[in-house]
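Novice: Given these sequences and hints, build the entire structure.
Residue numbers (our numbering), protein chains in the order written: chain A, 447 to 1055; chain B, -2 to 110.
These are computed hints drawn from the structure, not numbers from a lab. Treat the hints with care, as some may be off.
Cβ pair distances, simulated, as ranges [unchecked claim]: (1) B/Asp102 to A/Asp578: 39 to 45 Å; (2) A/Arg651 to B/Asp68: 49 to 55 Å; (3) A/Gln697 to B/Glu54: 57 to 63 Å; (4) A/Gln807 to B/Asp68: 56 to 62 Å.
Glycine residues also receive a C-beta, built at the ideal position from the N, C-alpha and C atoms.
Single-letter residue listing:
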Amino acid sequence: MLVLRVAQAALHPSKASSRHGSASEARLARPCIRSQVAPETSGTSSIVPDPQAQLTLPKALTGIAGFDDLTFGGLPAGRPSLICGSAGCGKTLFATTFLVNGATRYGEPGVFMSFEERAEDLAANVASLGYDLDGLVAAGRLAIDHVRVERSEIEESGDYDLEGLFIRLGFAVDSVGAKRVVLDTLETLFAGFNDPALLRAELRRLFGWIKDRGLTAIITGERGEGQLTRQGLEEYVSDCVVLLDNRVEDQITTRRLRVVKYRGSAHGTNEYPFLIDHAGISVLPVTSADLDYAVPGGVLPTGIAGLDAMLGPGGFHRGSSILISGEAGTGKSMLSASIVDAACRRGERCLIFAFEESGDQIIRNARSLGLDLTRHRDRGLLRFETARPSLHGLETHLARMHRDLDQFRPDIVVIDPISALRGSASTLQATLLRMIDLIKSRGITAVFTTLRGDGSVGQDDDIGVSSLMDAWIKLENLEANGERTRTLYVIKARGMSHSNQIREYLLSSGGIRLIDAYIGPAGVLTGTARHVQEAQERAAAEERRRETERTLRDVVRRRFAIERQIEELRAGLEAAEDEEERLRSEERLREARSETERQELTARRSAAE
Amino acid sequence: MNDVTSDDPAPQTDPDRDPGRYHLRLYVAGQTTKSLAAMTNLKRFCEEHLAGRYDIEVVDLLTNPQLAAGDQILAIPTLVRRLPSPLKRIIGDLSNTDKVLVGLDIRPKADQP
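Specialist: See below:
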């Protein structure tokens, strides 16, 4: 599962460590390995992560995404390689891609010697991939020779050899100055000639001739019973053997590729899924065991004010994986749509993998929240990749995802929902792990939704994905009083403080709005119950206010009464004082008068004597 | 290598312009022993069985490699019966006389009165 990087690290630790050097490199270098090889075009030199054999084996880039990574530079240059597989597994396409890329991207013209299909058919078959074989032929960068071997037309009489094949090949090679050759499918020769011993000798001579001419060649061969090819071509082409496979499990086909052998070079030894679709062929070394990806800095606001407020930094960490779990109808898709909308409005790129809805449907649904996703899609910031889970196997889903991530290079990925993926528990777990690694290693923020409230993947297993996630928002429908209310809480958010409160949230045309839930003696009240409770509280408050006013009025009245009494008392006091003063002055007057009278009497008595 | 041919009416054969006439082309690659043997053998047959109604054209692919693809030549030497149709190929140095005669459909015609 995890051989590619591990093998590389083991074989060449210094290289491996340097590869994980900088964050930006890890983020941008989608072909991590190719970044070492890319500067050289094929043939000159390339890097083999094996110290003993390194730097000696020149390689020719195939230009097939992923394949050059897992072979550390492509096919051995100047030698024949064998691509084998059963019918319909993509041998011819692999070979054609090798030639077309050689001619268009690496400046190496090629010769396609077809033993099965006519040149017109070949050109028509790959035209849908955007390969213009006729144009390349006209430009002198590609030569196609259709070798028709018709048994019924050939009579053998005496000795012969296949010099004619050599001459034709040599002529075609010389006519375009070819560096690359494809022989598709050589084994047809065995049907055309009676003498297998002579054929084998001639093929051996042919492969020797190819090496002598320094041609990088692909020889295709049909898968045989008990051996890689029907005629045992692998005995002759011993430098590099690639096996293509097309396996059906549970009625779902997965294409796989394996490098069986690569003499003188390290290579990924796993079976790697590969894709053939409108974008051509791409091989995906989607396994990795490292946890050493760089973490991008910064915070990703969700665009929902209430939710941001629940998270310490005001959003999620960038590059983290976020799980939104909730049952049907809890609004998972709409929550992720809100996050996407906010990101796109900031000019970030978003990629949505939807397994249950079409892109248009998501856009329409989001419009009910007042989110205009069409605008973002038209600006190229938003892309939908929709497919039923049953369309491909898990491997192929991963492979597609891998390719789309590298093509679109999003900042945010939404996978909606992961619970739609089907498979055995262990496979699902492994798939999710790789999916998360795939996304995280690119520094992309991932939003997963799942229908399973407990965060488990399958229907009847207890494998949780929650431990793989950095943050987990749980949406829940609370049922009470004959209604359901949407509630939201943050179960975990690694590396940040977050609210432990349950919030009620509303989906409305104004978007998603979070409301503080009422927590009372009877538990959390939401919805109508919350409204009732709030009304009751309002009434009680009104009552209290009136009561207070009444009391206040009483107090004021009492105060007035007391003040009035004080007034009266004060008036009485003044009256008493006046009385006292009056009495005192009368007393003084009387005393003065009696003094005067006494003096007069005294005077009078003295006069009478 | 073109011999003048006689008119040999063979009304039951295909509707070619000149139905009885054999147009043969021998592909070789240089003067190898196999090539020389094939040339010698071919001339002998023609003189024995097709005297006067055959053309032989020898193509040396070493000098004209571009001609190999046209007649779908893989093996060397290859004798191609261009006419009468259908096209037939005989590969090898033509040392097996019977096979050559069968391959060129010569025997039935040779047996004709």
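Novice: None of the hints should be skipped; say for each whether it holds.
Specialist: To see whether the hints hold, each was checked on the structure:
no. : hint                             : verdict
1   : B/Asp102 to A/Asp578: 39 to 45 Å : 44 Å, holds
2   : A/Arg651 to B/Asp68: 49 to 55 Å  : 22 Å, violated
3   : A/Gln697 to B/Glu54: 57 to 63 Å  : 58 Å, holds
4   : A/Gln807 to B/Asp68: 56 to 62 Å  : 60 Å, holds
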